[in-house]
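Here the protein sequences come in this chain order: A and B.
The numbering of the first sequence is my numbering, which starts it at 1 and goes up by one.
The numbering of the second sequence is my numbering, which starts it at 1001 and goes up by one.
Below, simulated DSS-like cross-link-like pairs (lysine-lysine); rule was C-alpha separation at most 30 Å, straight line:
1) 1022(B) to 393(A)
2) 192(A) to 83(A)
3) 307(A) to 1015(B)
4) 1123(B) to 1088(B)
5) 1015(B) to 4(A)
6) 1081(B) to 1024(B)
7) 1015(B) to 393(A)
8) 393(A) to 1025(B)
9) 377(A) to 393(A)
10) 1006(B) to 307(A)
11) 1006(B) to 1055(B)
12) 393(A) to 1055(B)
13) 1123(B) to 393(A)
14) 4(A) to 1012(B)
15) 393(A) to 1079(B)
16) 307(A) to 1116(B)
17) 1022(B) to 307(A)
18) 1012(B) to 393(A)
19) 1120(B) to 1015(B)
Residues from chain B shown here face chain A by an in silico Cβ test under 10 Å; the list is partial:
20) 1036
21) 1059
22) 1104
Please keep in mind that the hints were generated in silico from the structure rather than gathered at the bench.
Quick caveat, the model's predicted, so the values are computed rather than measured.
Note that beta-carbon positions come from the ideal geometry of N, C-alpha and C, so glycine has one too.
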Amino acid sequence: MAVKSIYLDNNATTPCDPRVVEAMLPYFHNIPGNAASRNHPFGWAAEEAVDYSRDQIAKLLDVDAKEIIFTSGATESDNLALKGVFEMYARKGNHIITLETEHKAVLDSCKKIEKMGGEVTYLPVQRNGLVDLAALEAAITDKTILISIMWANNETGVIQPMKEIGAICEKHGVLFMSDATQAVGKIPTHPKEVGIHLMAFTGHKMYGPKGVGALFVNRKNPRVKVTSQMDGGGHERGMRSGTLNVPGIVGIGAAAELGRLEMAEEAKRLSGLRDRLQTGLVSRLEECYINGSEEHRMPHVTNISFKHVEGEGLMMTFNQDIAVSSGSACTSASLEPSYVLMALGLGDDLAHSSLRLSLGRFTTEEEIDYAIDAIAKGVQHMRDLSPIWEMYKEGVDLDAVEWAEH
Amino acid sequence: MAYSEKLLEHFKHPKNVGTLDKSKKTVGTGLVGAPECGDVMRLQIEVDEETQMIKDAKFKTFGCGSAIASSSLATEWLKGKTIDDALKIDNMAIVEELALPPVKIHCSVLAEDAIKGAIKDYKEKNA
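Required output: the full structure, derived from the provided sequences and hints.
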């Protein structure tokens, strides 16, 4: 079968839906206005488009349109929420609680906050990737102002118990922020229903364009405020200055609407394909381990470790045809294996051996069947080459070997 | 990051994959790296006792594409060399031959260590 370029890395970024692209196109040339130009029709048309997008997003999240602040993406939204709350609520306290498995945009913002005099607790997760709710509650002090926990993890797809976390925040009068980048547009994400006060997300993980994202900021009960991190013309109710990216905003709005309308059906289709992929691999290969909870997991993701096979090398066996990603150190700039998988308690060896397979709206069954075959053959090829697979097969206790570490 | 043609060729069609009988006196084995580090290289040589010439070399590697290609190339270079000449193989020669990017230089170091380890093992057996 001639298949080219199968994209199973939708957690890195999703292709823009052609319907989204179509909606955006007029706003590059035909409708060129600055949404802040209040005195002529060019500006009005742009502002109208921005308002329309805000409504589309508000509908997806079941929030008020005034609660949506446009940004350049989820990284900026995370920065704005964390640093903005830290500065705004300095008189109330300086303590933030988050998880070891959060995205770097959250973790590195927290590190910056520590340098600014804040205190941050990085909670470990359980073996299945889920937060320990009792440990979370126990970590709250009278200085705690914010709990930041992602909705769904980018590497494992594990979904945190948002409602339960929201209840804990409510009980202790602590703000609840969530990086929902991987969840918005794919599963229901209604912040008010679960007690979230700030929620970050982006266009390009939900079939919208790159370079545009948003932050939901709760306006009533409580009215949440963040100190702006970008100063200028006072756009977005003073929380985020900068000329609005009108075509991008039109795009994220269109993507949000498609997500709302097609989510249920798509999630069902994708979980079927994901299960076909996972079962296909696990049934053909020995010594496969699924990383993270299978029960509380996004419908389109599976993260699998293939024992005694190094992830980057494995990817090289099929990366002409199939795009995936790995938690192997060799794929990261830091040369450390995935900290998310390490936080799940995987040994370095299993973290090095992992593949993240993330399906998307444009993934077909034919592609999945091709991928199963190619990945399984790749694993077999790599195991044929692997001295530790040979040793394992001979019954050597690999933990007892004195390795010449380098 | 795009890899060189030579590297890809060694990765896709690795030379001299396999296992020599390590109980033989004429076989030296070098095992370097650790599973935790993401690469383990096992390189073996079989030496002609009279000429001190390496008559066969085999490897198995757990690791990334560069590690596999480096060890495949190393076995190619070892065959036909005397053990004294084999000791002169420098990791930078592997880097150049395969056009390894800077982050992959450690793979070539590992291959050099594996060569030295195999020769040391052979010498110890025959001391």
